[in-house]
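There are 2 protein chains.
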Amino acid sequence: MAELRRDPITGRWVIVGNDKEIRPEDFEVESHEKGKGICPFCPGNEAMTPPEIIAHREGQTAPNTPGWLTRVVPNKFPALQIEGSLNKRGIGVYDLSNGIGAHEVIIENPDHNREIADLYDHEVERIVWCYRNRSIDLRGDKRFKYILIFKNYGKSAGASLEHPHSQLIALPVIPKRVQEELRGSQRYFEYRERCVFCDMVKQELQDGKRIVAENKHFVAFTPFVSCFPFEFWIIPKEHESDFSYLQREEAVSFASILREMLKRVKVILRDPSFNFIIHTSPLEEMEKEDYHWHLEFMPKLTRLAGFEWGTGFYINPMRPSLAARYLREAKI
Amino acid sequence: MAELRRDPITGRWVIVGNDKEIRPEDFEVESHEKGKGICPFCPGNEAMTPPEIIAHREGQTAPNTPGWLTRVVPNKFPALQIEGSLNKRGIGVYDLSNGIGAHEVIIENPDHNREIADLYDHEVERIVWCYRNRSIDLRGDKRFKYILIFKNYGKSAGASLEHPHSQLIALPVIPKRVQEELRGSQRYFEYRERCVFCDMVKQELQDGKRIVAENKHFVAFTPFVSCFPFEFWIIPKEHESDFSYLQREEAVSFASILREMLKRVKVILRDPSFNFIIHTSPLEEMEKEDYHWHLEFMPKLTRLAGFEWGTGFYINPMRPSLAARYLREAKI
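Those protein sequence lines, which keep their order, are chains A and B.
Per my numbering, the very first residue in the first sequence carries number 1; after that it's consecutive.
Per my numbering, the very first residue in the second sequence carries number 1; after that it's consecutive.
With the rest of the complex left out, here is chain A (with noise of 0.2 Å):
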C-alpha cells in the first residue's frame, strides 16, 4: 500500500508508492543534442552578453575577452531589473512594488560540452566559490532579503541556453516556499530547542537507507518526504544556516560531493534535465540557530505537473530508499 508521508519541515503531505517494479530506465529522457547557432556564453563571443561582473582567470587577460574559467555576467533578460527603487503600494486588496533586483548568470566553464557530472572536483570548486563571493558581494545592497542561487539543465527544466551555466537571482522578498522552510523550522525549534534540519541528518545517518554519499562535510540523501523520484538533497553535517559562510576546505567538500552525485545521476538515468537550488537563510538574519542551508535537487521525469501546482500535494511512485539505492549502486 501506499504511503502518506508528512514533511517534518514544512508540513507537506506526499503519496509515496511502493512500486517495486520502477526502474530507472523506465523514466522517458528527452535529449540534449546541442543546436547549431552561434553560444554567447562560448569564449571569443563575450560581445554578445553584458559586461561580465567578475570572472576567474588565467594570467593577464583583459575583461570581456577570452582567458576565463568561470564567468559571471548580468543576464540579458532579466527577470528584474537592478536600478530603480521599489516603490511598494497597494491597489484595493493586492499588494505591489517594481521588480527590482539582481539577475546573475555563471557561466560555469569555457568548454560548452563539460557539465558539472563531467568536470574536476577543482573545477566544480571554482563554481561553488563563485556562488559564494557573488552572494557576498550582493548582501550589501540593502533592497534585497534574499539570494537565490539555482540551476536549469535541459529545455524541459527551462534551460533556454546550452551552455553550462547557473544563475543567481537577488530577491526583495523571500520566496515563498524558503518561507515555509523559515517557519516550519522555527516551529520545531521552539518545541525542541533543536534544529529539525540536524535532527534528520542524525536520523538518516543512524538509518543509512536513504543515504547515497556522504564525505567530511556534506551528505547526500533522498528525503524521506520526496516529492519526485530520484529527488535528493545535499546538506552540511554540522550546523551552518548560512550559505556564503561557507569555508574554502568546505567548498572542497561540497564540490566533490555535488559532481560525485550530479554523476550518479547521469549514470543512472541517462542524463536527465534538471533542477537544483540552495536554499539558505535570508539575508537580514544572522547565524541562525533552527535554519540549515542545503541543495536540493529534482529531476525531471515526470510529467505530473498542473495537479500539483495547484494542490501542492505530490504523488510520487518510488520508494526514496530504492532511488537512493540505485544511485548508490551508479557504477561512476
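Note that these hints are calculated values from the structure, not bench results.
Here the structure is a predicted model, which is why all the values come from computation and not from measurement.
Backbone N, C-alpha and C fix where the C-beta goes; we use that ideal spot for every residue, glycine too.
One thing to keep in mind: the hints can contain errors.
As the list claims (entries may be wrong) - Stretches of chain A that chain B covers, calculated by requiring three or more beta carbons in the stretch to come under 8 Å of a beta carbon on chain B:
1) 69 to 81
2) 193 to 202
Said to hold, decoys possible - Computed list of lysine-lysine pairs in PhoX-like fashion (alpha-carbon distance at most 25 Å, straight line):
3) A/K155 - B/K155
4) A/K266 - A/K216
5) B/K88 - A/K202
6) A/K88 - B/K20
7) B/K145 - B/K176
8) A/K88 - B/K209
9) A/K20 - B/K88
10) B/K209 - B/K331
11) A/K209 - B/K88
12) A/K20 - B/K76
13) A/K20 - A/K331
14) B/K176 - A/K176
Please build the complex by placing chain B on the supplied structure of chain A, with the hints as guidance.
Relative to the frame of chain A, chain B by itself:
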C-alpha cells in the same frame, strides 16, 4: 518594468512582466492527436474499468453496459486505497500514515472526441451535478478530510487517457495549497471581518479589466497575481464556502460559464493542455464565513517547471489584464 505582485490570500509573490508583445500564438501547444488503441472509457468497453459507482443513464439500461451519459468508476490505478485504516504513526522526526483515500474517475460523456468546450450547456451541467453528488456521497466517510475535484487535459498536463474525464480524490489530509488559502483568508477575516475572496470579486467587478465572463451566479477573471499566462478563476459572486452546497440553478450557471471559458481558451490558444481544480472548504467545516469556493484553471503553456516548484516563486511574462482582453475578444 516588471512588477512584484503579492497574492492577498496566500502571500505568494509573483513577478509579473509587462511584455506587450506577447500574443496567444507565441505559445507552443502540444497536439492532441488521438491514438488508435481501444479506449476503456468508450461505450461497449465498460468491462475494462472497475464496476461503476454511479452513472447517469437514459432509460432502463443496466449498470456497466452502454446507455450512460456520465459514468463514475474507481480509478483502476488509484493513488490511494479505499479499504483500511489510516494508522497514523511516527518514525523519529517523520510522520506517516497508510495511503487511504478514494480515487474516482468521472467519464464526462460517451463521445471520445467531445471535450467540455464542445458540449451543450445541459451536458456540462450533468458533469457538474455529478461532481456535486460524488462530493456529497463521500462526505459520509469520516476518514476523509478533503475532497478534490480536478481535470487533467493533455499529456503534458498529466492525462494518461484521451477520453474526456475528470477525477476526484478524497484525502485523509488537507492539501498544502488549500491549507494556505484557508489560513490566509482566515487571517484576512480576523483583521477585517470580511471574506477576502468577496472583496476580490467586488474589486475585480468594479475595475473590470481582468473580467472575462459573467452570468447570474458566477464571474470568471484572470487573477491580479496569476502565476501563469491565461490562468483564470471561476467564482460564485455571492459568498459560498462549499462546492457541494451548489443548488440546481447555480449548477446551470456554473456549467455555462465553465463551458464558455474553456471554449474561449480553446479558440484563442489552439486547444492547449490544461488543468483545473476546484478549491472548496474541508469536509469537517460547515458554512465558513472566511472561505469561498472557486475553480482555478491553468493552461500548460510555459516550461518553467522546476525552479518554480523548488521556490514557490513564479515569473509570469504576461499581464493578466492582457490575457483577459484576449480571452474576452475570442470569437466563440
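Against the structure, the hints come out as follows:
1. For the stretch 69 to 81 of chain A, the stated coverage by chain B is satisfied: 3 residues place a CB nearer than 8 Å to a CB of that chain, which reaches the threshold of 3.
2. As drawn, the stretch 193 to 202 of chain A meets chain B at 3 residues by the rule of a beta-carbon pair under 8 Å; at three or more, the given contact holds.
3. Between the alpha carbons of A/K155 and B/K155 the distance comes to roughly 17 Å, so the proposed pair stays at or under 25 Å and holds.
4. A threshold of 25 Å between alpha carbons decides the hint, and for A/K266 with A/K216 the separation of about 24 Å falls inside it, so the pair holds.
5. With a CA separation close to 23 Å, the supplied pair B/K88 and A/K202 stays within the 25 Å bound.
6. Restraint check for A/K88 and B/K20: the C-alpha separation of about 23 Å stays at or below 25 Å, so the hint holds.
7. For the hint pairing B/K145 with B/K176, the CA-to-CA distance comes to about 13 Å; that is within 25 Å, so the pair holds.
8. For the suggested pair A/K88 and B/K209, the alpha carbons sit about 22 Å apart, so the restraint of at most 25 Å is met.
9. Pair hint A/K20 plus B/K88 holds up; C-alpha atoms about 23 Å apart against a cutoff of 25 Å.
10. With a C-alpha separation of about 18 Å, the suggested pairing of B/K209 with B/K331 holds against the 25 Å cut-off.
11. Proximity of A/K209 to B/K88 is assessed by CA-CA distance (about 22 Å); at most 25 Å being required, the pair is judged to hold.
12. Taken as a hint, the A/K20 and B/K76 pair is honoured in the structure, with Cα atoms around 18 Å apart against an allowance of 25 Å.
13. A distance of roughly 21 Å separates the Cα atoms of A/K20 and A/K331; the hinted pair therefore holds under the 25 Å criterion.
14. For the suggested pair B/K176 and A/K176, the alpha carbons sit about 13 Å apart, so the restraint of at most 25 Å is met.
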